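Engineer: Please model the entire structure based on the sequences and the hints provided.
With numbering that gives the first Met the number 0, the residue at position 68 of the sequence shown is 67, and numbering never jumps.
There may be inaccurate statements among the hints.
Here are the simulated BS3-like pairs of lysine-lysine, each with C-alpha atoms no more than 30 Å apart in a straight line [as the list claims (entries may be wrong)]:
hint: 1; residue 1: Lys157; residue 2: Lys201
hint: 2; residue 1: Lys281; residue 2: Lys265
hint: 3; residue 1: Lys157; residue 2: Lys3
hint: 4; residue 1: Lys137; residue 2: Lys6
hint: 5; residue 1: Lys300; residue 2: Lys265
hint: 6; residue 1: Lys94; residue 2: Lys106
hint: 7; residue 1: Lys296; residue 2: Lys274
hint: 8; residue 1: Lys281; residue 2: Lys269
hint: 9; residue 1: Lys254; residue 2: Lys228
hint: 10; residue 1: Lys286; residue 2: Lys274
hint: 11; residue 1: Lys188; residue 2: Lys106
hint: 12; residue 1: Lys106; residue 2: Lys3
hint: 13; residue 1: Lys157; residue 2: Lys85
hint: 14; residue 1: Lys87; residue 2: Lys6
hint: 15; residue 1: Lys106; residue 2: Lys85
hint: 16; residue 1: Lys156; residue 2: Lys281
hint: 17; residue 1: Lys8; residue 2: Lys156
hint: 18; residue 1: Lys188; residue 2: Lys137
Simulated restraints, written as ranges between beta carbons of each label pair [to be verified]:
hint: 19; residue 1: Phe145; residue 2: Glu43; range: 29 to 37 Å
hint: 20; residue 1: Ala18; residue 2: Val113; range: 16 to 24 Å
hint: 21; residue 1: Ala18; residue 2: Lys254; range: 55 to 63 Å
hint: 22; residue 1: Val113; residue 2: Gln158; range: 22 to 30 Å
hint: 23; residue 1: Leu119; residue 2: Gln158; range: 35 to 43 Å
hint: 24; residue 1: Cys112; residue 2: Arg153; range: 30 to 38 Å
hint: 25; residue 1: Arg74; residue 2: Pro285; range: 36 to 44 Å
hint: 26; residue 1: Ile193; residue 2: Leu142; range: 40 to 48 Å
hint: 27; residue 1: Ile282; residue 2: Arg153; range: 13 to 21 Å
Hints were generated in silico from the structure; no laboratory data involved. Just so you know, these numbers come straight off a predicted model, no measurement behind them. Each residue gets a CB set at the ideal place from its N, CA and C atoms; glycine is no exception.
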Amino acid sequence: MEIKTYKIKDICEISRGKAITKEYIRANPGEYPVYSGSTLNDGEIGRIDECEFDGEYVTWTIDGYAGIVFYRNERFNASQHCGVLKVKSNEICPKFLAYALGMEAPKHVNNACVIPNLTLKKMREIELDFPSKKIQEKIATILDTFTELSAELRERKKQYAFYRDYLLNQENIRKIYGANIPFETFQVKDICEIRRGRAITKAYIRNNPGENPVYSAATTNDGELGRIKDCDFDGEYITWTTNGYAGVVFYRNGKFNASQDCGVLKFKNKKICTKFLSFLLKIEAPKFVHNLASRPKLSQKVMAEIELSFPPLEI
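Structural biologist: In structure tokens:
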């Protein structure tokens, strides 16, 4: 299979949007989206009654959350914080370009600036490899399927969060099980032993491979940093991230270890269901994260004081 390498400047017309203020958007409402340097809502910051671009394009965020790439196939506008690529080569599939550039562009972001950026000048010089156009189109079609599945999973997560919050609400529990259901309120320190993990380095993990996970302050891969042969905890526990992505809660049941950035709760009250507590804390813990620090944190001291209300164990 033949692979050709091109710089972006060889296959695309490269431009950026124009200054479009929020005031202008309010004064000129319409149907055409305005894309910016934002990543929320697919980069859309509003809609106006005029259209600067029409057709298949690839856009990227120039600064702020720089280097995020979007495929566009519509009428739209772009702000000065949004770069725009129009494919000028018949050998290139725009959607394949968007996927390939989505992986490569973040590597070229200048993070040394106060505001990270990926300028037009840098974008021009990025090199990408391309198979034949027919294969590009096949790959893009496959990746579209995964993108649709990812979107569906996000919607399911939203739906799950809605029903979780509904079912854990006191008022709703009483609607379902009866108005006279008694609730007891406890602080976490009253119902749990509260600990945190120990210092476990990546070097230690490499030198002591095994089957027992080490959980940290990470949230990817369920917080697992690696696996080692020893085991500090065995049974039903709840862990939370104490700093970084602080306040993220996990239910654990099995043998595991925890790093010093991972808090650990063990029940000492038989009236409480461990899994029910984990669901409650998933909702409540993020509210107690201290975000004013250079690294957000949820300390053992703060966790100990969190108050939660519980229906009877059978519910």
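Engineer: Hinted pair, alpha-carbon criterion (30 Å max): Lys156, Lys281. Please report holds or violated.
Structural biologist: holds, 14 Å
Engineer: Do Ala18 and Val113 keep their Cβ atoms within the hinted range of 16 to 24 Å?
Structural biologist: holds, 21 Å
Engineer: CB of Leu119 to CB of Gln158, is that within 35 to 43 Å?
Structural biologist: holds, 41 Å
Engineer: Just to be careful, I want the Cα atoms of Lys87 and Lys6 compared with a cutoff of 30 Å; is the pair within it?
Structural biologist: holds, 12 Å
Engineer: Given the hinted pair Lys157 and Lys3, is their alpha-carbon gap at most 30 Å?
Structural biologist: With Cα atoms ~42 Å apart, Lys157 and Lys3 exceed 30 Å; violated.
Engineer: Is it true that Ile282 and Arg153 lie within 13 to 21 Å of each other by Cβ?
Structural biologist: 19 Å Cβ-Cβ, so the 13 to 21 Å window holds.
Engineer: Given the hinted pair Lys106 and Lys3, is their Cα-Cα distance within 30 Å?
Structural biologist: Holds, at roughly 21 Å.
Engineer: Compare the distance between the alpha carbons of Lys296 and Lys274 with 30 Å, and conclude whether the hinted pair is satisfied.
Structural biologist: Status holds; Cα separation ~23 Å.
Engineer: At the C-beta level, are Ile193 and Leu142 separated by a distance inside 40 to 48 Å?
Structural biologist: For Leu142 against Ile193, whose Cβ atoms are near 45 Å apart, the range 40 to 48 Å holds.
Engineer: Does Lys137 pair with Lys6 here, judged by a C-alpha cut-off of 30 Å?
Structural biologist: This hinted pair holds, its Cα atoms lying about 22 Å apart.
Engineer: Please work out if Lys8 and Lys156 have their alpha carbons no farther apart than 30 Å.
Structural biologist: violated, 40 Å
Engineer: Is it true that the CA of Lys188 sits at most 30 Å from the CA of Lys137?
Structural biologist: violated, 56 Å
In this structure, the hints that do not hold are numbers 1, 3, 11, 13, 17, 18, 19, 22, in rising order.
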